[in-house]
Amino acid sequence: MTVNQTDFTAALLNADLAIPSGMVDYQGRPAGKRFDVYRNNVVVSLIDAMETAFPAIHKLVGDEFFKAMAGIYVRAYPPTTPMMMFYGEAFPEFLESFEHVQQLPYLADVARLELQRRSSYHAADSTAISPEDLGAISPDDLMNVKLKLSPALRMLQSPYPVLSIWNMNMVEGAPQPEPVEQTVLLFRPELDVDMVEINDATHCFISKLKNNTLGASYEEALSLDETFDLGQALGLLLTHQLITQLNV
Amino acid sequence: MLDQSSSNIPKIPNRAGVGYKAQHLNGILKDPSAIGWIEIHAENYMGDGGRPIAQLKHLREMYPVSCHGVGLSIGAESPLDADHLARLKHLVSWLNPALFSEHLAWSTHETHFLNDLLPVPYTKAVVDRVVDHIDQVQDTVGRRMLLENPSTYCAFEESDMSEIDFLSEVASRTGCGLLLDVNNVFISATNQQYSPEAYIDAYPLEHVGEIHLGGHEEDADDHGETLLIDSHSRQVVDPVWELYKYTLKQSGPRPTLIEWDNDIPSWDVLANEARLADDLLANAQLVAAE
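Residue numbers (this note's numbering), protein chains in the order written: chain V, 11 to 258; chain D, 193 to 482.
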């Protein structure tokens, strides 16, 4: 009796399925518990990977609940590449629909933040320009400049205090979250990811910079919020080493 | 077969190395001479940048590096993942590792990556498949690879050749080398009820470019018989040290890795395991010189 990898995989991920009958022990008896070693390895290693990927979610729901929930997730959404550093991509959507966490509607955005942190952590290295580089551009040209931003920059807009919730769980002594919407800027000045809260106009400005001039991005941000402060926004990007190139 | 005669590959000493873990970096920097080389899991260094790659760039200036893949799925029925192979080629090209190895196992099926080293049956058809995949890996990456023997828990009813005949044929047809995991030999021999010494006696030791040692856990099967499980979660047990000595007597000294990937210990504990291997290697070196 031959065993193909389709049947092997199905039996691995679903312990209710029979073990393929061609899997035996050294005497030719049914493999039984011996096959379960593989079942266990796969599920335990994937649950561990989820714990590594989502430490704040783990803290929020507790170890026992997290492991049970991750056990359901990993069987439904096994990894699609060997790049385990990015595993868990579908976890936010899973959390949105998983019936047992509907009383914690912010979990999905906390998971999105954790995915963004990882993606920033592994992003390409870059060298930032200095404030002097920006200052050297003549005022006439400034609005026509296009900025290239760090590959490690990420942003997340949430209807929940997602950054405060993450901090409360991961940073000792962080205050209790207030019930507010939060928009988060993630950056990686050297090797460690850091985060700050930004307002929606700044989020709009930074988003627009990708394909537009500084002037056009400024206009967009102003149309969203007439009090938007360009100097402050540029200062934020320079401080966190997020501008890597100026194209005049 | 691959001609590497003109290439500039770093030499690896016949010493003990360890699987690199970031939490051991300070311990390593305090006494770099405690180990002779390091091994990394290729997949952990396939991001675009950041800390893992920065640390590896630093470590490769200090040590010869062995690049050990855990996700290529050489035993898969489906074709190798071209994107993953390209990532591996990229890593090997900038890292220029002293050794490059992968497993006789599969882990990818259709769109699923299962994050474990799953077994293959030992038949001529599977030899052909594995040979094709290794040819493709060596041609693409441009390096000779070492193929590691698995730890097995079950057997396939369809298998009609021994693991050693399987590995020997793959090595001779592809020109690949072998990574002899002595802990895996001990586990498989216990689980499949054969003599680990007889396995070493029959093994084509001339192809061995690296040895692995690691810890395992003990369980029991449905009949109450011992079932050893490869866990890389503890010290190397005495019978595995004995089997390692038995191997070195026949193979002579070979670069030897201590693998410890789960329940990771303090640096001192791991460095002590490396020292034990180093002592045995030094002894084997003396015997070989006589």
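Please keep in mind that the hints were generated in silico from the structure rather than gathered at the bench.
Cβ coordinates follow ideal geometry from the N, Cα and C atoms, glycine included.
Check the hints yourself; a few may be wrong.
As the list claims (entries may be wrong) - List of simulated lysine-lysine pairs, DSSO-like, C-alpha gap at most 30 angstroms: (1) 77/V - 316/D; (2) 158/V - 316/D; (3) 249/D - 281/D; (4) 158/V - 77/V; (5) 43/V - 249/D; (6) 213/D - 69/V.
Stated by the list, open to error - Not the full set, but computed from the structure, chain D residues with beta-carbon under 7 angstroms of chain V: (7) 238; (8) 263; (9) 269; (10) 306; (11) 421.
Unchecked claim - Simulated coverage check for chain V against chain D, where a stretch passes if three residues somewhere in it have a Cβ under 8 angstroms from a Cβ of chain D: (12) 18-28; (13) 116-127; (14) 184-195; (15) 228-240.
Exercise. Of the numbered hints stated previously, which ones are contradicted by the structure, given in increasing order?
Worked result: 1, 2, 4, 5, 13, 14 and 15
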